[in-house]
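One line per chain: the protein sequences are A and B, in this order. Heads up: the first sequence begins at 71 in the working numbering, then just goes up one per residue. Heads up: the second sequence begins at 24 in the working numbering, then just goes up one per residue.
Hints are not guaranteed to be accurate.
Stated by the list, open to error - Below, computed lysine-lysine pairings styled on DSBU-like, alpha-carbon distance capped at 35 Å: (1) B:K145 <-> B:K198; (2) A:K111 <-> B:K145; (3) B:K86 <-> A:K227; (4) A:K227 <-> A:K111.
Hints listed in this document are in silico derivations from the structure and should not be mistaken for laboratory results.
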Amino acid sequence: MHADRSQRRWILRLIGRLGFAETITLGLGLLLLILPLIPGKYVVVVGAEIIILGLFAMSFNLLYGYMGEISFGHAAFFGLGAYTTALLMRFFQAGGGEVGYGQFLLAILMAVPVSALGSLLVGYFCVRLTGIYFAMLSLAFGELFFYIVFSWYSFTKGDDGIQGLLPPPFFRDVTQYYYFSLLVVAIAMGTLWWITNSPFGYSLRMLRENKNRAAFLGINVRTCMLVNFVIAGAFAGLAGALWGPFQRSVSPHLLSCMNSGTAVFMTLIGGAKYFCGPVLGSMIYTALNGYITLYTVYWPLTIGLIILLVVLFMPGGILSVVDQWLRRAQTHRNASAAEVAEDPKKGGGASWPSGFSKSAG
Amino acid sequence: MGMDFGSFVLQLFSGLSRGMMLFLLSSGLSLIFGVMNILNFAHATLWLFGGYLTYSFMQAFVKSLGSQVLALLPAILLATAVMFLLGLALERLIIRRMYPRELPEQLLLTFAFILIFGDLIKLIWGVENRRIFLPIEPWEILGSFINPYFFVIIGAGGAVALGLWWFLHRTRYGKIVRAAVFSRDMVSALGIPIPVIYAGVFGLGIAIAAFSAGVFLPIMPIGLGVDMDLIIQCFAVVVIGGFGSILGTFVASLIVGVVYSYSILIWPDGALAIIFLILVAVLIWRPWGLFGTELRY
């Protein structure tokens, strides 16, 4: 009992010093770093999916959590990245039989500018709208991209998808590919951290809270939204680029609105107001998906019920609930330390800002 | 790609009946969104559920009534009633809790319904497509053979559209619903029980959807996955027509239905892509839709 309390205090102190989001990010990072120590290949396969889809969901959250607009076509850029890498790898394979290391990295890196270009095209129109209209236009563009990839058989192989995306020998081992993805995603997340904590990142939060006020303060709202849209698209493309060689194939369904939905769910389950909320969401969603399918064919029913419960009883996502719970513990600790017989609600508040919303204002 | 006059007429009727079904589906979606601000992602999945129910009821009735045509009508009505009650229950038990939440969380909830009801369908009816064959001789009209059932669909759709219009504009409850679209708080302040209105509207929306599924069953096989295609087309219809405008929804449904029907003939894979092209164009040119008011945007 006593040990438990002191342990909790230790966590609270760490959170107080580092910040809630930072502590959780650090914890998730360490967990993912040692994940392959768990015996069995399947854990690593699921782990790699968690990492890659986590980056995808984080890129989506740049639009949703930071800018306050919901996109239902974000998978288009994930798919665009995946297809860029896949087609380039096929091209290199046609040239020399095997994909070289330099060629492989080039194929992955090229996904970034291609998806950025795609999102520039879509974003140019989307940022003119907000709210439900933004969501609908992104959905329409996403479906348009899906049908282009689906029906352009001569270029994309249509519904068959592209198979046989064999990466160079080093990346064929699941664990080695896992660490490669982890490295790429860690660099991407570092960049995202830098972006979201830059003045630009704070401008985005301001757009989320009040676009008119931001405009009055001299922020070019559309340009700001467009730049963010392109950044989000580029990171989604990078995630897609990692996905293809890992699965050894790509199919048009990577661009479907269901896949866009996946990013939305991961973000909402984890907590859109926290930097690494989408990664936690990806961990939960992907792991459930990976393991429930082993036991039952009715996994949509199971995951549907889980989503239902999370939405009903955990508003703001899991991290939000944990944050509030720790905050109460902290308040309680502060109150008892001061030995003030005050209403605990009035006692000193937690010493970290809630999510990233308060720190903006 | 030779399109003679006969197939032109055939596609026109097929497109009109598809448009009617889209209208029935989208009007419920639009009504629910207008009154409760809930965008029901699962609307088409509940439509599909209603379709399967109609199918099962019909199988049961055929045994006692003996005739396919005779069994269809009571089956549709029973399924509509059951789905109305299901809609009431869903609203009272679950959706009611989501009103203070943000739009994405509401969408996530209705998406959970898609997964749950989609899988329930798989659990109950399996993965094969279901279809009803009505023994009806096609009529020869303007040189092509038209299934007269198209007229039944167009007639039923038109009747429900008129009924809905009459309900919303001529009855006390319809006026309350329209007032609730305009200002919930004011309606509530007048002593009208908003929760009852909400449950009723949700039930009504689902019931209309189930009705349209039943009516459409004899010309279109239903199966898993149909709902996703359909819900996105419904979104397209609602946006093209303008949120909250029943007339807009009606016109947009017919446009989408007919355009889809002709595109299927010319470019089968791209039929939906053309719909989305129209949607993109409308959103860029008139984000509030053809018949919506700029105020709501």
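To see whether the hints hold, each was checked on the structure:
Among the hinted pairs, K145 of chain B with K198 of chain B is inconsistent with the structure: their alpha-carbon atoms are about 40 Å apart, more than 35 Å. Restraint check: the Cα-Cα separation between K111 of chain A and K145 of chain B comes to about 31 Å, which is no more than 35 Å; the hinted pair holds. For the proposed pair K86 of chain B and K227 of chain A, the alpha carbon gap of about 48 Å is over 35 Å, so the pair is violated. Distance check on the hinted pair: K227 of chain A and K111 of chain A sit about 31 Å apart at the alpha-carbon level, within 35 Å; holds.
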